[in-house]
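Here are the chains, one letter per residue:
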Amino acid sequence: MDGHIVLSAVTKAFGDNVVVDDIDLSIAEGEFFSMLGPSGCGKTTTLRMIAGFEVPTLGTVTLQGTDVTTVPPAKRNVNMVFQAYALFPHMTVQENVEFGLKIKKVGRDEVKSRAAEAIRSVQLEGFEKRKPAQLSGGQQQRVALARALVNRPAALLLDEPLGALDLKLRKEMQLELKEIQVRTGTTFVYVTHDQEEALTMSDRIAVMNNGIVEQCAGPREIYEHPATAFVAGFIGTSNLVNMRVDRNAGGCALMDVSEGQRIAALSDQGSGSLQITVRPEKIHLSPEGLGDNASSVGGRIADVVYLGSMTQLIVDLPTGDRLTVHRLNDEAAVADPRVGDTITLHWAAQNSFVIAVGAAGANGGSATAHGAPGDNSEREDPNA
Amino acid sequence: MGARDSSTFVLISPIGKRVLLVFFAVFLVFLYLPTILLVIFSFNDSTVAAFPLDGFTLRWYELSWQTGEIRQSLSASLKVAVASAAIATLLALLGSYPLARRNVRFRPLMSALLLVPLVVPTVVVAVSLLTMFQRGAIPIGLGLPSIMIGHVIIALPFAVLILLPRIASIDRRLEEAASDLGANGLQTFRFVLLPLIFPSIISAFMIAFVFSIDEVVIASFLSSEQPTYPVYLYSGLKFPEKTQALIPVATIMILISFLLAFGAEAIRRYGERKLEGR
Ligand SMILES: Nc1ncnc2c1ncn2[C@@H]1O[C@H](COP(=O)(O)OP(=O)(O)OP(=O)(O)O)[C@@H](O)[C@H]1O
Ligand SMILES: [Mg+2]
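As you go down the protein sequences, you meet chains P and S in turn.
The letter at position 320 of the first sequence is residue 320 when you use our numbering, and the numbering goes up by one with no holes.
The letter at position 170 of the second sequence is residue 170 when you use our numbering, and the numbering goes up by one with no holes.
Next comes chain P alone, as it looks inside the complex (with noise of 0.2 Å):
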């Protein structure tokens, strides 16, 4: 395989516990490739045995054309840029961005020109007599990248590099992170779980769960034509419905709400549940060009989210679930909607995305069993 780092049947297990199963990746030179899952699902893990921080225990670790499988992280022409910095408490913010440099035996004027460059381009020239512990997080975040770009690595490894920021500095730098990418034209290997950041910064994106890849695209693919129910469930806001199936027309599963009104999807079933999403700007407030078979659901409006450019609706089903509407702010015809108004909700029967079949008879209760979306919420929510 061709690439600048490849993993080719990558496998890490701890004891028992196999953390990373039979991967393949390759990420091409220049590439902002992130990786993307919930937590626990070996990201991390995967990201250091690029680095060379763990030793892979079947498969191989290929950098730049070199086998570096077992090659160790001071060997490797890569740099990790740690989910909680790393820095070194005890040097100023100029000793620490110096320091790879140093240890390499780089010449005196060198080092310094090159520092200085690496500073500039985090935008923290005045901080370099400061430690560490005066910085703030996102002037730390700016060290940790400095410290590693002023290497110039063949690709820098992020692990959550913007976990430990608040919402607004987090967009700030995401911008930033993604400017300097395109600048250096340094390979990024970024891992995240927020799925937004995935999507708005990077080439490609591999979506892992339970240590395996379950799809590798760029942005756009992977929203538009998830290749598993987990990456639909994974990717986007998480609009989940629990359909009882009490009929099928036409290869198009139904759910009588009440009368004339009914949940659609394209699917088999004739009876039991189903799980869909759906994505919230693929439903409408009117029922116009959708089709005979389209969704078209009452719902009582639970919150309203103005959000500039759109509205978000969150609005309670008669299921028992709860859909995020977005809404543009483009006619004024219609009127405000208001917190405790019912509303109807359509959306085409093929923008119901399948996520679980329940057996006939069985409620649609067990179908989170894949760890979709509900698996993030462990760690803070973008949309929360």
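Check before you lean on any hint, since a few could be wrong.
[Claimed, not checked] Straight line, CA to CA, 20 Å or less: simulated SDA-like cross-link-like pairs of lysine to any residue: (1) K102(P) x F191(S); (2) K75(P) x E176(S); (3) K129(P) x L275(S); (4) K168(P) x R204(P); (5) K102(P) x N184(S); (6) K129(P) x N184(S); (7) K102(P) x E176(S); (8) K79(S) x G185(S); (9) K129(P) x G271(S); (10) K75(P) x P89(P); (11) K282(P) x K171(P); (12) K79(S) x V216(S); (13) K282(P) x H346(P); (14) K104(P) x G185(S); (15) K102(P) x K242(S); (16) K105(P) x A74(P); (17) K129(P) x K79(S); (18) K129(P) x F191(S); (19) K75(P) x L113(S); (20) K75(P) x E272(S); (21) K104(P) x G141(S); (22) K171(P) x L199(P); (23) K79(S) x I254(S); (24) K282(P) x G272(P); (25) K282(P) x E221(P); (26) K75(P) x N184(S); (27) K274(S) x A133(P); (28) K75(P) x I254(S); (29) K102(P) x R190(S); (30) K178(P) x E117(P); (31) K274(S) x Q134(P); (32) K112(P) x R152(P); (33) K171(P) x L124(P); (34) K171(P) x D203(P); (35) K274(S) x R152(P); (36) K129(P) x E276(S); (37) K129(P) x P195(S); (38) K105(P) x R190(S); (39) K238(S) x R71(S); (40) K242(S) x L63(S).
Honestly, the hints are just simulated from the structure, not real lab data.
Bear in mind that the values here come from a model prediction, so they are computed numbers and not experimental data.
Put chain S with the ligands on the given structure of chain P with help from the hints.
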């Protein structure tokens, strides 16, 4: 009336509180009176250490400085203390590092072994070393080197107790970061770990030093011709004519011990704060 006293002793009546205070004061007097008396007598212009005082003098300080035996025993004590503190600190460092890092087998057992000398009576250590050095497994005989080894043994646990928590408190990822940036094991130790634990190393050294400098039991069991200062002091007390020359040195030793014992903790804290710019 003024605001009610908001001390933590809510369960204790005002009278009870006063009794406690008196008790505490008496306790302090008992604790420090002998020391204070010693300091006073070291400046007293009389050949007997007794009241009433006879005026101020520095002649006892002069006399002790001029007494060869005192100087020799002091120098012996210093040598033993410096050497044993250095060795105990080094051993504690070597022992603590693997223990502070996660994946060590039998870690509880290992820690226990390092700390056992803490609870073994010093006399027992002294007797066992005596038999071992005199004709036993390691017949190096008696004298300052043997005393030094004994002091290493009793000071080691204290040095470990100072170093181990500090090393454990240092994020392992700092070492990973260093090695990620190209540093080998030695460089990582030299440039990352050592600077961070240096205040604790100094502190451990000072505590070990204090332990050795006033240790009597091992020093007297294992001594040959040259006694350490505490041993010399003890034997000298049997001769009243020597006593006055001993008191000044004892005074100075007390002072140094106090300074070192309090200083060790202060240096450690100050050093760590300074190091991280806080
Ligand atoms: N050194 C280790 N020894 C044993 N188990 C480990 C070790 N490191 C990781 N694991 C286990 O491997 C699994 C995956 O861990 P990993 O850190 O790769 O997850 P992650 O995807 O990075 O999760 P998170 O988003 O929470 O950081 C976890 O169940 C973890 O407990
Ligand atoms: Mg992780």
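Can you name, in rising order, the numbers of the hints this structure does not satisfy? 4, 6, 8, 10, 11, 15, 17, 19, 20, 21, 24, 28 and 35
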